[in-house]
Amino acid sequence: MKTIRLYKTLLATAAFAAFSAGAYAQDIKLGYNGDLSASPSAQSGQAAVLGMEAAIADLNAAGGALGRKFTLVTRDDVSAPPKSIQNMSDLVDNEKVVAVFGPTNSGNAMAWKHIANQKKIPVLGNVGSGTDITKPMSAGADNYMFRVSMVDREQVAALMAYVKRNAAGSKVVGLMAETTGYGQGGLKDMEEIAKLQDIKIAATERFGVGDTDMTSQLSKMKAANVDTVVVWAQGTPIAQLVRSMEKINYFPLTLTSWAADNITFYDAAGKALAEKPIFMRTVSETRTPAQQKLFDRIGSKLKAPGSFSFALHGYDSVLLLAQAMKQANSTEGAAVRVALEDLKTPVQGVLKTYEKPFSKTNHEALTAKDLVWIRWKDGKLMPYSDALIGALKPADFKQ
Amino acid sequence: MVEALLQALISGLAVGGAYALVALGFSITFTTTKTLNFSHGEFVSAGAFIGMSALFLVLGKPLSSTTFGDAVPGAGAQLFALVAALGVMGFLGWLLYVLGVRPFAGRPGMAWVMSTLGFGVILQSVGLAIWGPKPVVVPAPVGDTVIRMFGVGVRPQELLTLGVAVVVMIGFDRVMNRTMIGKAMRAVAQNGNVASLMGINTNAMMIGAFVVSSALAGLSGFLLAPIAQASLFMGLTVGLKGFSGAMIGGLSNPRGCVIGGFLLGVLESMVNLWQAQWREVAVFALVILVLAFRPTGLFGRSTVEKV
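Top to bottom, those sequences are chains A and B. Each step along the first sequence adds one to the number in the UniProt record's numbering, with nothing skipped, and position 106 is 106. Each step along the second sequence adds one to the number in the UniProt record's numbering, with nothing skipped, and position 157 is 157.
Hints listed in this document are in silico derivations from the structure and should not be mistaken for laboratory results. Just so it is clear, CB atoms sit at the ideal spot from N, CA and C, and this is done for glycine as well. Don't take each hint at face value.
Said to hold, decoys possible - With a straight-line cut-off of 27 Å between C-alpha atoms, the simulated DSSO-like cross-links for lysine-lysine are:
#1 B:K61 x A:K271
#2 A:K188 x A:K303
#3 A:K301 x B:K61
#4 A:K303 x B:K183
#5 B:K34 x A:K380
As the list claims (entries may be wrong) - Some chain A residues near chain B, calculated using beta-carbon distances under 10 Å:
#6 S37
#7 V209
#8 R243
Make the full structure from the sequences, and use the hints.
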């Protein structure tokens, strides 16, 4: 009798396990690989994951895709390229994810983009903004790197278009950048687009990411009569830069990378100095009803309200991937890539409606014309506008 | 041009003050125990966070907070935070010596190098678990309004760091040369066995060296936090530059170490005035040059290796 009971129990357990495994196998596994704990950019990664989880919940509530539900597997790369590479292999080979999102650090994406391309796993970047992330490994090669986020070169194109238009106020232009890969990549973009715009650069200065005093570099800018400075750096160094400007009482028109949207910039610069730079991002704190709805849902979980933009990128990136899978009627990487490059149905995201966002040669869903101009005002990332911005036309953006 | 040079000099001295305090910390353990705390940078970060948490404690906020908001701690709170940073970091220095240095010192190999490095990794990981990676702006005890003199702008906290570095250097110099405890420390540094035979408690001297060195790291972190923001990653650069300053000045000479720290700060500032992208090259080229011609640093004395 005891033996029969034991067999019954074993049988029931096996049946349950088989059922669970079957259900599990049917889920469409998505991966997130990015910094979630170890650097100031971790809050961006955490926000992106929150947005992705919200999108997955919404998609699953509507039936998922291909009759299957989505699940998300996250891996923290602690901002370290070797760990990020290891995560990528783990997600693809062990977890069998069909697509990867992230990372938070552009350098980490550059470290493993070859893996995504070799293993034909679509990647939708939703945080890192380095220009080269979405470039194909070689001219004309199939490219699995897509992005729904800010792009350095798109920002530079807009900032330089503004400088060009501001002929009366920007007579002497200087460039400044931190000495990291992020800063130097932006500096390369700035120099190239300045050339395309025929903007003469009077001075170029660099500073360390951990520097607390940039007065020496600024003194040279001041001596060269620079009236407009375009800066590529992370939030904290930009704050140290404006604090150094205050030391020598020199405040040229300051246009910066979007990193100035980080709360660490605002905190470090203080209210008055934080309101000096003008920069761009994908959303201001003047939200659309759809954005507000998402904010009400996840806002309390955000480490900083400013990181909400990454939640929007995360949300929309999942919707775009899901649409591509539906169109391809497959989760197979190559088919999804082809579908992403030719999305036939518009996707209603929270940032915008995506109508054919990607093509074979363009893997950026958000371009200069989708960005909004921002200036800190009373602790909020408020839309900024002036006559020059109002006059900017698509033809002004040169890349 | 004169204004720019003066600005670079003052800014360099202010940054150099932080390097000097770190360099002095390296020197203290080296002269007494012939070992170094390779996680000195992490100790600087930890000091900043201990001081910051003490301020939160006084303000009635959770210790793991990451923003002061509009709260401005008073002088008493700042003093309490300073004492807490010195005390806790001093205790951690004792712990480091007992757990990470003493068991390995005198044995073959360089196990203490790894154990001091590991101690720093543990400190950083614990800090990340408590406060997360976000840098925290810490209100300066002396305000944040730029002071202008002869066209040169400087923040009060930078002047404070500079002043404290000079005072600590002079104070330490006097203790080492004019007090019994200083003489005892120098005796231990000279020859521990002989010092022990003379009745000097060498173990206590060595513990004292680690306690003072770590408290100095805490002081550096406490002073740097309002300038650079309290960050668990802030100590890495300042630790490396402080060590470089110590190498230039001479690890065996505390006075030289402080001068080396200031020298490095001013050099950085001057190179920035020329071509900032060559700054690190210039700094480390100077370190290599000094070591090539004066292996014990500009002010160092030749020493015999012993662990």
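Self-check item: 27 Å limit on alpha-carbon distance, applied to hinted pair K34 (chain B) and K380 (chain A)
Solution: 53 Å, violated
Quiz item: Given the proposed pairing of K303 (chain A) with K183 (chain B), does the C-alpha separation stay at or below 27 Å?
Solution: 52 Å, violated
Self-check item: Hint check, S37 (chain A) versus chain B [nearest Cβ-Cβ separation less than 10 Å]
Solution: 7 Å, holds
Quiz item: Is the hinted pair K61 (chain B) and K271 (chain A) satisfied, with a Cα-Cα distance of at most 27 Å?
Solution: Judged against 27 Å, a Cα distance of about 22 Å means the pair holds.
Quiz item: Is it true that the CA of K188 (chain A) sits at most 27 Å from the CA of K303 (chain A)?
Solution: Outside the cut-off at roughly 32 Å; violated.
Quiz prompt | Closest C-beta approach of R243 (chain A) to chain B relative to 10 Å, hint status | solution = 8 Å, holds
Practice problem: Assess, step by step, whether the Cα of K301 (chain A) is no farther than 27 Å from the Cα of K61 (chain B), and give holds or violated. | Solution: Given pair K301 (chain A), K61 (chain B) holds - Cα atoms ~20 Å apart, limit 27 Å.
Quiz prompt | chain B contact restraint for V209 (chain A) - C-beta distance below 10 Å | solution = 9 Å, holds
Checked against the numbered hints above, the structure violates hints 2, 4, 5; every other hint is satisfied.
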